[in-house]
Amino acid sequence: MALHEKTVSELAAGLEAGDFTSVEVTQALLERIAAKDDKLNAMITVTGEQALAAAAQADAARAAGKAGPLNGIPLIHKDIFCTRGVRTSCGSKMLDNFISPYDATVVERLAGAGAVMLGKANMDEFAMGSSNETSFYGPVRNPWDLECSPGGSSGGSAASVAARFAPAATGTDTGGSIRQPAALTNTFGIKPTYGRVSRYGMIAFASSLDQAGTITRTAEDAAMLLGVMAGFDERDSTSINAPVPDYVAELGEAVKGMKVGIVRQHFDAGLDADCGARVKDAIGVLEALGATTVEVDLPNLDLSVPTYYVVAPAECSSNLSRFDGVRFGHRAEGAADLFDLYCRSRGEGFGDEVKRRIMTGTYVLSAGYYDAYYLKAQQVWQLIAEDFRKAFAEVDVIAGPTSPTAAFKLGDKTDDPITMYLNDIYTIGANLAGLPGASVPCGFVDGLPVGLHLVAPHFGESVLLRCAHQYQQQTDWHAACPEGFQ
Amino acid sequence: MNWEVVIGLEIHAQLATKSKIFSGASTAYGAEPNTQACLVDLGYPGVLPVLNEEVVHMATMFGLAVNATVAPRSVFARKNYFYPDLPKGYQISQYELPIVEHGELFITDDNGDDKRIGITRAHLEEDAGKSIHEGLDQSSGIDLNRAGTPLLEIVSEPDIRSAKEAVAYMRKIHTIVRYLGISDGNMQEGSFRCDANVSVRPVGQEEFGTRTEIKNLNSFRFVERAINFEIERQIDLLEDGGEVVQETRLYDAAKDETRSMRSKEEANDYRYFPDPDLLPVEISTDYIDNVRKQLPELPDEKQQRFIDDYELRKDDAAQLTVSRPVADYFEAAAAATDAQAQLVANWVLGDLAGALNKDGLDIGDSRISATELAGLVSRIHDNTISGKLAKQVFEAMWGGEGTADEVIEARGLKQITDSSAIEAVVDKVIAANPGQVAEYRAGKDKLIGFFVGQVMKETRGQANPGQVNQILKDKLSG
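Chains as they are written, first to last, in our numbering: chain A, 648 to 1133; chain B, 19 to 496.
Keep in mind that the hints were calculated from the coordinates and are not lab data. Some hints could be false.
In silico lysine-lysine, DSS-like type, Cα no more than 27 Å apart, as pairs [unchecked claim]: (1) Lys182/B to Lys273/B; (2) Lys1002/A to Lys97/B; (3) Lys190/B to Lys332/B; (4) Lys273/B to Lys1023/A; (5) Lys462/B to Lys432/B; (6) Lys462/B to Lys182/B.
Given the structure is predicted, the values throughout are model-derived calculations rather than measurements.
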């Protein structure tokens, strides 16, 4: 098996056995990225020199008997995570010149465990998008069909894992930005419980919904990464001070006897029939493993997208105010005065989708509209969270489709933001309720991947990982590799 | 027409924490620009605020000190607006759910009576940085050292009816925050400043007139002047048939006038919403009870105790309790002498205050310690020196010549209380001034002063004045 084909756990075993070194793996993957990323545009920045130096350091640490849990494992960070001394663009012209002076907590913890960063992945601008087409650096292409979008906003992370540029990548998920691209690229994506992973150093989009997670090929790999990333961080007031379970150890616990909730509304007219069939097959596999299915109701599901598109823009309109051309980032040339500096720096630095959301957010927070929009959305938000609470009184996990369709053609939805926004209809609920969710590869429709979406109660990452892992023991969808990237 | 003035104050007190409200950077004043601002203060991408617990403690102390409700749950909100000295494009403040509500305090009004002023709320927020225009050719500089400094904004009810009352209220808040040790109250450095909302209405009218807000007043004198100017301006306007425009005004101390800064139409829509980066602040009753137990004696309590225990006059008790160091000094001095406390109070508020003021010293840096002052007062009390000579002794002590006893000894100032010694001098004076003696005996009583003066001159002021008087009267009438 070639080095690029190996998963995190396979690499970890090989490195430990001395079959190869981290430098060899890192070198191989860097060459692969250099050779193949022209097709995908998955990477914004490749940090070859630093990666090789870190790999050499990891090899030395192993030789000295000081190997961390992810020692020498190469990975790619979504370009939303601040990385010290490396450009952190967030997919925006606004931060094209921004070299972060510090590491995000996620970056710091993974590096501390010995992981080697290969570079920074392309993404929708400020994580606002579901197709990776809003990136200042151009769209990412789906390795399963280069005419198609890999989804977004963590499209670069998903595409690079699918294309075997790295066994793992970090991502962030505000409304489905890890799970939807994972579904569209045949990768495993997990968004943990809100507060499980620190947001410090992750450039904020919608602070009350943003959560960092991973994209890998297997649930087992995700368990290895999450064990390092999760846990309390005193620099993030919303991170939760609760012990982190041994996710890897819990992978083998019984699926037998689990109650799997099926949401009626998930299989209505909005879902592509063939995708629905793949998802039902996958649920059948869980049943074969001994789980039982129970129908559950999420009566306010249809309100999740409109609620999201009030709350998220409101928060983003405020979060993105700091990009004013004064201290860092893009600054317009020859501004006549302060007002002109603001208008032009922001006008030039931000793309259309970001501007659309800033304007929407500013509007819903404005005097006279606040009650009708922001406050109302807060109320609906509580209803949606309550729906999930009730559902989880009955079931251990909810299963359904991740996305209404398989990958769509680039350019197909760019003129119609509403259709684009509806892509996240199945995933947004977990963000609003702060619940962990995952997407597992579960088959193909016309050669394009389909994802099974799993949602668990708060802190139920182990439940998701266990179901997905045991499903992956029974199936080999996740092992499928796109043509041209074997 | 008779006008009634309505004033409400918003006081910003900088809290005396070591580090900022949401970051670990130092709050020390006067550092080189931008040396005390970390990534959080600079609003860098990805950074997050973490609340400094100390500010919650301080706000709780304040709430209890003004008999307010300390909210079991308060929420930080974002106040959104663009300004170069506001790095994040929003200020973290409290809006709908402040930490302190429904407080009150009492001031002495223009008639000398107690008057209640309601405190609507007090909330926690971060300060902004500073824009610097001086010394920069054609450009502006930004100093973010102050960004993120914790402030307690204290909002009064519109209960204040004159500029004098406004100053009395502001002084009272100033005294309270310094007693509590939650603010240094340094007005030159901007640690204690206020905005004044001023309106006028015809006496008897219920609804308020249109108000203006005077921003950033940083001395008691300016508060009084700015408000008085504004009252006059508004009354003149209304009496000339004009209207007051709701607007923000700035006080120009050099010209002693207020000027329009921006009108309501230009006012920002701050788009407040709860800050999703910070959790609501939840305070238990146990926590509040604990803080209550640790509260120091407050100015009003101390004043009453000074009246009750030391039998001081009310205005003296009030003056002594304006600052805790002064009150402590007085108490230490009073404890170290058998003299009446009122005599000690007179010295603290009289000669000592004068000397401190003249040399620009705080009482903590006084050249005469509390026990040393008590030593001086004791010598007056036991008739070693007269009150008049005591002033001379005080001057010498202030000048570093030693304790009262040392000065008295060195300068030979000990009072003469030996009757026979005084009688000898009196006899001498009577013998030397036969003319005046005759006039006195003819009924010109006023001349007694002349004789006292002569005796004092002979004794270099050391004779006991009471005895001198008595002996003179006896001998002259004889």
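Structure-based check of each hint:
The straight-line distance between the Cα atoms of Lys182/B and Lys273/B is roughly 20 Å, inside the 27 Å bound, and the hint therefore holds. In summary, the hint linking Lys1002/A to Lys97/B is supported, as the alpha carbons are separated by about 20 Å, within the 27 Å threshold. For the hint linking Lys190/B to Lys332/B, the alpha-carbon distance of about 16 Å falls within 27 Å, and the restraint holds. For the hint pairing Lys273/B with Lys1023/A, the CA-to-CA distance comes to about 50 Å; that exceeds 27 Å, so the pair is violated.
For the suggested pair Lys462/B and Lys432/B, the alpha carbons sit about 32 Å apart, so the restraint of at most 27 Å is broken. About 49 Å separates the Cα atoms of Lys462/B and Lys182/B, which puts this hinted pair outside 27 Å; it is violated.
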